[in-house]
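Visitor: Residues per chain, in single letters:
There are 2 protein chains.
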Amino acid sequence: MGDTNANEREEGTALLPRFDKEGLVTAIVVDSTSLEPLMLAHMNAEALERTLQTGEAHFWSRSRSKLWHKGATSGNVLKVEEIRIDCDQDALWVSVAIEGHGAACHTGRKSCFYRRLVSDESGARLEPTGDAPLFDPKDVYDK
Amino acid sequence: MGDTNANEREEGTALLPRFDKEGLVTAIVVDSTSLEPLMLAHMNAEALERTLQTGEAHFWSRSRSKLWHKGATSGNVLKVEEIRIDCDQDALWVSVAIEGHGAACHTGRKSCFYRRLVSDESGARLEPTGDAPLFDPKDVYDK
Chain A
1 MGDTNANERE EGTALLPRFD KEGLVTAIVV DSTSLEPLML AHMNAEALER TLQTGEAHFW
61 SRSRSKLWHK GATSGNVLKV EEIRIDCDQD ALWVSVAIEG HGAACHTGRK SCFYRRLVSD
121 ESGARLEPTG DAPLFDPKDV YDK
Chain B
1 MGDTNANERE EGTALLPRFD KEGLVTAIVV DSTSLEPLML AHMNAEALER TLQTGEAHFW
61 SRSRSKLWHK GATSGNVLKV EEIRIDCDQD ALWVSVAIEG HGAACHTGRK SCFYRRLVSD
121 ESGARLEPTG DAPLFDPKDV YDK
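From first to last, the protein sequence lines stand for chains A and B. According to the UniProt record's numbering, the first sequence holds residues 1 to 143 in order. According to the UniProt record's numbering, the second sequence holds residues 1 to 143 in order.
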């Protein structure tokens, strides 16, 4: 990591995203007020460009292999307030305000992270945090 | 996403991590008090197991292809306070307290996300947020 290129990428002011072999960087999406993590998604160059142009989060949907304007179906558009990039420029921190129902997760909850890990001698399992759905996915996605 | 297996993965209490083809899930590491994103890393099954067993964050280093006990060299061990998992179980939210210098980034800063994107008609560039290094990497890594 000591070469000039790495130093420019880590300390410089040039945006030099390090896209992976599928052309993607990872985006951590957080609530701009509470900083609560909402979801994890991926952006290709086009998704990042559209996000910067429109102020609304766009991702690359790996499951559907297409550009994804988050909230286009559900109304839960993510208005971008700030984007940060990490040291080696392969991850983004996207601070957003959620429109619509105020839910970023397709299950209807505000955040995708609605379960915590608990572990003891019998192993690890999940425990709900109690985050309740803010909309019924059936009303939004199955029409 | 409507099959029984997906429903169990999304709404159940069983830990069923969806490791990618390289055997990894993505981990968003955040400060347990402020929720500020600190870094993004990856865990394989062994790293997750070690993390749960020891209470200290372990990752899989993709650049070095080895298990990585974060902070073993720098002293900046990450004490885990809570782990959450997302809806489709391919991402973790790891809340930590940083030991040592209180810095999670190898550049010496608390967070890896020390630059924001700014964009205008001439394009996008990066701007420092002003986060200062808490240690000099040369003192820690080049010995």
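It is possible that part of the hints are untrue.
Pairs of lysine to aspartate or glutamate residues, derived as EDC-like cross-links and limited to a Cα-Cα distance of at most 16 angstroms, are as follows [stated by the list, open to error]:
(1) LYS21/B x ASP20/A
(2) LYS66/A x GLU22/A
(3) LYS79/B x GLU49/B
(4) LYS66/A x GLU36/A
(5) LYS21/B x GLU127/B
(6) LYS21/A x GLU46/B
(7) LYS21/A x ASP20/B
(8) LYS21/B x GLU22/A
(9) LYS66/B x GLU46/B
No lab work stands behind these hints: they were computed from the structure.
Visitor: Give a verdict on every hint.
Guide: Going down the list of hints, with the structure as the test:
Between LYS21/B and ASP20/A the CA atoms are separated by roughly 14 angstroms; this keeps the pair inside 16 angstroms, and the hint holds. For the hint linking LYS66/A to GLU22/A, the alpha-carbon distance of about 13 angstroms falls within 16 angstroms, and the restraint holds. A hinted pair counts as satisfied when its Cα atoms are at most 16 angstroms apart, and LYS79/B with GLU49/B qualifies at roughly 15 angstroms. Using a Cα cut-off of 16 angstroms, the hinted pair LYS66/A and GLU36/A is violated, with the two alpha carbons roughly 27 angstroms apart.
For a cut-off of 16 angstroms, the pair hint linking LYS21/B to GLU127/B is broken: about 35 angstroms separates their Cα positions. Taking the CA atoms of LYS21/A and GLU46/B, the gap is about 25 angstroms. The hint is violated against a cut of 16 angstroms. Distance restraint check for LYS21/A and ASP20/B: the Cα-Cα separation of roughly 14 angstroms lies within the 16 angstroms cut-off, and the hinted pair is therefore satisfied. Only pairs whose Cα atoms come within 16 angstroms are accepted, and LYS21/B paired with GLU22/A is accepted, the gap being roughly 13 angstroms.
Restraint check: the Cα-Cα separation between LYS66/B and GLU46/B comes to about 11 angstroms, which is no more than 16 angstroms; the hinted pair holds.
Of the numbered hints given earlier, the model fails hints 4, 5, 6; all others are met.
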